[in-house]
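Engineer: One letter stands for each residue in the lines below.
2 protein chains.
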Amino acid sequence: MDVCEAVRTGLAVRTFQDKPIPSEVVHKIIEAARLTGSSMNGQPWHFIVVQDRAQLRKLGALAKTGPYIAQALLAIVVVIDRTLYAVSDGSRAIQSMILTAWSEGIGSNWVGFVEMPEVNKILDIPAALDVLAVVPFGYPAKAVGKGKKKRKALSEVVYWEKFGESAK
Amino acid sequence: MDVCEAVRTGLAVRTFQDKPIPSEVVHKIIEAARLTGSSMNGQPWHFIVVQDRAQLRKLGALAKTGPYIAQALLAIVVVIDRTLYAVSDGSRAIQSMILTAWSEGIGSNWVGFVEMPEVNKILDIPAALDVLAVVPFGYPAKAVGKGKKKRKALSEVVYWEKFGESAK
Numbered sequence: 218m219d220v221c222e223a224v225r226t227g228l229a230v231r232t233f234q235d236k237p238i239p240s241e242v243v244h245k246i247i248e249a250a251r252l253t254g255s256s257m258n259g260q261p262w263h264f265i266v267v268q269d270r271a272q273l274r275k276l277g278a279l280a281k282t283g284p285y286i287a288q289a290l291l292a293i294v295v296v297i298d299r300t301l302y303a304v305s306d307g308s309r310a311i312q313s314m315i316l317t318a319w320s321e322g323i324g325s326n327w328v329g330f331v332e333m334p335e336v337n338k339i340l341d342i343p344a345a346l347d348v349l350a351v352v353p354f355g356y357p358a359k360a361v362g363k364g365k366k367k368r369k370a371l372s373e374v375v376y377w378e379k380f381g382e383s384a385k
Numbered sequence: 218m219d220v221c222e223a224v225r226t227g228l229a230v231r232t233f234q235d236k237p238i239p240s241e242v243v244h245k246i247i248e249a250a251r252l253t254g255s256s257m258n259g260q261p262w263h264f265i266v267v268q269d270r271a272q273l274r275k276l277g278a279l280a281k282t283g284p285y286i287a288q289a290l291l292a293i294v295v296v297i298d299r300t301l302y303a304v305s306d307g308s309r310a311i312q313s314m315i316l317t318a319w320s321e322g323i324g325s326n327w328v329g330f331v332e333m334p335e336v337n338k339i340l341d342i343p344a345a346l347d348v349l350a351v352v353p354f355g356y357p358a359k360a361v362g363k364g365k366k367k368r369k370a371l372s373e374v375v376y377w378e379k380f381g382e383s384a385k
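Going line by line, the protein sequences match chains W and U. Residue numbering for the first sequence follows the working numbering, beginning at 218 and increasing consecutively. Residue numbering for the second sequence follows the working numbering, beginning at 218 and increasing consecutively.
Chain W extracted, bound-state conformation (with noise of 0.2 angstroms):
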């Protein structure tokens, strides 16, 4: 899918179908994110791909905002180091990510976790690491639309020259 296309149309997801993502599309999806562009290309990053579903129920017990990870296939959770740009850097590769599942007819949402040692435990992630996100990936459940979004209108949020000034 055109990437135009991706980011027009791409939806949150979060109800997803019992069927399994080919391993192959698996490897699309993390190889998007360990080949995006970071910061002076320090790629302060890693990825977990979770797939075990007790591992995915656990996650999703802990997510308060995302507890349908627990019916998900796939899970990706993003670790980042602590230096300057890594919130940057993570969410981009996490764009990535999600624009390269939609162009493959997979849905995802980010699930963000703000300091759980309980997820650094039972992913055996160093304490020096935090996560950023843990992204549950699968095929949509129900039909998605074709794109109609609530977003702020383009005025709102684009100015030009100068913060404030409308179109020329």
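Check the hints yourself; a few may be wrong.
As the list makes no split between identical chains, a pair holds if one copy fits it or if it spans any two.
With a straight-line Cα cutoff of 30 angstroms, these simulated BS3-like cross-link-like pairs (lysine-lysine) come out [said to hold, decoys possible]: (1) Lys366 x Lys236; (2) Lys369 x Lys359; (3) Lys379 x Lys281.
Derived by calculation from the structure, the hints in this document are not laboratory data.
Model the placement of chain U on the given structure of chain W, informed by the hints.
Structural biologist: Below, chain U without anything else, positioned relative to chain W:
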């Protein structure tokens, strides 16, 4: 261009041709930003499209790591609110823009700005908001490669089920 292809081949570009980007392509790029997903759909972002050469030169002069902004014909300044996930959300929007631009043959590079009141001043940005990045865009001055990238090996950054575990 296909999403995978854009992620795979996309490279940072720092020297640009003196060839303007058509306005419909500029619109595609800012639409990609506007339509990106964000935490709780908060959209904590603002995008300033800078095409004025004097302003671009000023930004280039201020950017220690990005003097080449002065040579670009377009830069998009990404401004974020001070909310919990704004850095992540803004970074996702930038990644959408970079991939969209690349799929149109346009290179770019993320230039980070950390607390630069001068930038707020020349662009009339309220002091309560932060500049996350200035991203210059342009047609690459030199031929760009076919996606040969220096990245850590998959085994260094991707684990299976638990941190540090290699593929089964």
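Engineer: Failing hints, ascending?
Structural biologist: none
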